[in-house]
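K.L.:
What follows is each chain in one-letter form.
Protein chains: 2
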Amino acid sequence: DANAVWQIAQWFDADDPYSRTVTPGANAAPWLKGPFRFGVPDDSDLKFFGDDETPDLFQQAIRKLQHMGGIRVPIDFGVFRDAAELLYAGPWVAERFAAVGDFLMRESKGVHKVVAEIIMGSTKYFAVDAYRAAYKLEELKRRAMVQWSLMDVLLLPTAGTIYTLEAVDADPIRLNSNLGYYTNFVNLMDLAAVAVPGGFRTDGLPFGVSLIGPAFSDQALLRLAGRFLGERAGRTSELPGCVLVAVAGAHLSGQPLNHQLMERGARLVKSCRTAPDYRLFALKDTAPPKPGLVREPDLNGWGIEVEVWSVPENQFGGFVAAVPAPLVIGNVVLDDGQTVKGFLCEPFALSGAVEITRFGGWLNYLNHETEENVLTTPSKQL
Amino acid sequence: DANAVWQIAQWFDADDPYSRTVTPGANAAPWLKGPFRFGVPDDSDLKFFGDDETPDLFQQAIRKLQHMGGIRVPIDFGVFRDAAELLYAGPWVAERFAAVGDFLMRESKGVHKVVAEIIMGSTKYFAVDAYRAAYKLEELKRRAMVQWSLMDVLLLPTAGTIYTLEAVDADPIRLNSNLGYYTNFVNLMDLAAVAVPGGFRTDGLPFGVSLIGPAFSDQALLRLAGRFLGERAGRTSELPGCVLVAVAGAHLSGQPLNHQLMERGARLVKSCRTAPDYRLFALKDTAPPKPGLVREPDLNGWGIEVEVWSVPENQFGGFVAAVPAPLVIGNVVLDDGQTVKGFLCEPFALSGAVEITRFGGWLNYLNHETEENVLTTPSKQL
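Residue numbers (this note's numbering), protein chains in the order written: chain A, 1 to 382; chain B, 1 to 382.
Heads up, a few of these hints could be off.
When the alpha-carbon atoms are kept at most 25 Å apart in a straight line, the in silico SDA-like pairs for lysine to any residue are as follows [said to hold, decoys possible]:
id, chain 1, residue 1, chain 2, residue 2
1, A, Lys284, B, Phe348
2, B, Lys64, B, Val168
3, B, Lys64, B, Trp148
4, B, Lys124, A, Met120
5, B, Lys136, A, Ser19
6, A, Lys284, B, Leu299
7, B, Lys136, A, Lys284
In silico contact screen, one side only, chain B against chain A (beta carbon under 7 Å); selected entries [unchecked claim]:
id, residue
8, Ala98
9, Asp129
10, Asp203
11, Pro206
12, Glu296
13, Pro297
14, Asn314
15, Phe316
16, Gly318
17, Leu334
18, Gly337
19, Leu344
20, Glu346
21, Phe348
Chain A residues, not near chain B, derived (Cβ > 10 Å throughout) [as the list claims (entries may be wrong)]:
id, residue
22, Ser122
23, Asp129
24, Ala167
25, Val294
26, Asn331
27, Asp335
28, Glu355
29, Asn367
Honestly, the hints are just simulated from the structure, not real lab data. Cβ atoms here follow ideal geometry from the backbone N, Cα and C, with glycine treated the same way.
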């Protein structure tokens, strides 16, 4: 359901000045296949407000994400907590006055007393407070960037505990503030979040967790939430905002040009083979040494070993631009029939190149070359 | 000099929460080669505040840009003028109080009386005014997007006229407001601008014009300003934030896949030929019909007709991803020796393809095909 709403809500609304379109790659989630890193606050920042059972339920959610291939990363929740505090303990309450103040002034009896009090209280803030708070928020967003460089997604309780209506009526501001401890920073910091059921307390009441990511990560969060709830992982091709590219030589993990993928935020999706109709050549005069992959329909071989990487779409153009001749970017069919982008080779470079298809892949060929040198070099000395 | 400062100032400053890095394509200026569109306000919005000579000097600047290949586009300056008014006639003066208010309170005697008055006057604004004005600015930015879709760059007088110090002292707020009529919206609307000398009045005093573009267009504006001041256009390869791609078939202007370039904001840079060592084939079974370009070193032909398009870097990845087999994106050498990206072809597709190198290009071949059909079809009926 959330996905259906999101599919509609994501479109640009020309009548809404705050509506945004996804620029290429802004929704990229190359981490969605393979291992991903999820941030969890330190124990000292995890608050459950006296609830006996929700701490265990949260630990279960952590283990569930780990079973899904998630790598738990400790993060500093302080910067998010500070941003959350700005929402009600700062001039942003005046933004609510901008939205509903006129209505409140007209008919305050239709409005909850506590809500009216809080919003009317915002008139104590001056414009200079608003600009100072905006600077402070920018600073917190910048500090949060360090935390986001450590994780792909942030896992939090949606609320540390739950309260009865009577309890909230008796102590509304403090208890509501407790309920918002893990959520109040999300809008201010321009983040996306999805709340997912996270089990039940023994009294039958529910607990939930939130998956939080940068702006435009909505689709990725929904996919992860689906897997958390037991959906199977979809096809590797369904990676929002990413282009899949098969590499067969110098861009393989550990090889000299792999950094061109890493520095563009690409992630390894899988190692596999091409369809059986590809041949591999060791090219002449390339530095570092590179292979050339060529499709020959009707060839019935064993396929060539490749790695498939997911590259954010806005980074892929620069990656392609950096590819030197005789290498080209075309389409490569994998052993499971999927077609992805991949390195191929201009025909002229094959004349004089050594066919190495029988090695089944570039690394096997390189290992073989080394062994041969090791074996042959000493024998030459004899 | 401005370029030297910009080269240094553009880098990310981790200590400045408002510092930003250029994301791929954000600085793209595919319009920098070939015809570009420059916006000029309607006469009713052009104010020279009684100056007799600056209106002519501005018209000269317009003609100069036209001689450089610029296409004059009338735009609605109202939305920019409204944003400019927000700066001093709205709560943003309180942002200045946030910056220097403490200093003002301490030692007001070191500060210009008028400046102090304006900034101290900002204490009348409440936080709710700041949020309302922020909404208003967002709305104006959105309305300005329509104007930016009409033009690549905005040409304005930097100031409509100039005043003596005495005149400003006598009527400081009104005259300063006149001086800011063409500039006060630039920061608020997140734009980039460069001011360029625009000639002299007969009394020897200077007039200037501004070239204004979206955020991160700094490098493009400086290049255009350089040409305005008489620098020669640089190499076609020096297009910030763009990738040059040579197209030889269905992506040519007027051909069925040209829209894939247009809808990504690409611009035609030039029509030319490849280096002499390329062969062209009409591929079998492609829809729409496509040619395959293949390099054959040592071939001494006449080159193949291509168009070179500049594509914003963040859009190029999606463009490459959409290229179907047997076409690939590799490097193409042009007749002037420059290497750009371009469409090439997998070797397997050449078997059974018809070589059409002798036509010199895809359009010639298509024309020839049509003529042949026109000539042969009726004769068959005889």
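K.L.:
If a hint holds in the structure, say so; if it does not, say that too.
P.N.:
Hints, one by one, checked against the model:
1. Lys284/A <-> Phe348/B: holds (21 Å)
2. Lys64/B <-> Val168/B: violated (32 Å)
3. Lys64/B <-> Trp148/B: Satisfied, since the Cα-Cα distance of roughly 21 Å is no more than 25 Å.
4. Lys124/B <-> Met120/A: holds (18 Å)
5. Lys136/B <-> Ser19/A: Holds. Lys136/B to Ser19/A sits at ~14 Å (cutoff 25 Å).
6. Lys284/A <-> Leu299/B: holds (20 Å)
7. Lys136/B <-> Lys284/A: violated (62 Å)
8. Ala98: This interface hint holds because 4 Å falls under the 7 Å limit.
9. Asp129: At about 6 Å, which falls below the 7 Å cut-off, the nearest Cβ of chain A leaves the hint on Asp129/B intact, so it holds.
10. Asp203: Nearest chain A Cβ about 42 Å off; hint violated.
11. Pro206: violated (35 Å)
12. Glu296: holds (6 Å)
13. Pro297: holds (6 Å)
14. Asn314: Interface hint status for Asn314/B: holds (4 Å vs cutoff 7 Å).
15. Phe316: holds (3 Å)
16. Gly318: holds (6 Å)
17. Leu334: violated (13 Å)
18. Gly337: violated (14 Å)
19. Leu344: holds (6 Å)
20. Glu346: holds (6 Å)
21. Phe348: holds (5 Å)
22. Ser122: About 6 Å separates Ser122/A from the closest Cβ of chain B, which leaves it inside 10 Å; violated.
23. Asp129: violated (6 Å)
24. Ala167: holds (31 Å)
25. Val294: Given a closest Cβ separation of 6 Å, the condition is violated.
26. Asn331: violated (4 Å)
27. Asp335: Fine: 17 Å to the nearest Cβ keeps Asp335/A off the interface.
28. Glu355: Answer for Glu355/A: holds, closest chain B Cβ roughly 14 Å.
29. Asn367: Per Cβ check, Asn367/A is outside 10 Å of chain B; nearest 28 Å; holds.
The structure does not agree with the numbered hints 2, 7, 10, 11, 17, 18, 22, 23, 25, 26 stated previously, though it agrees with the rest.
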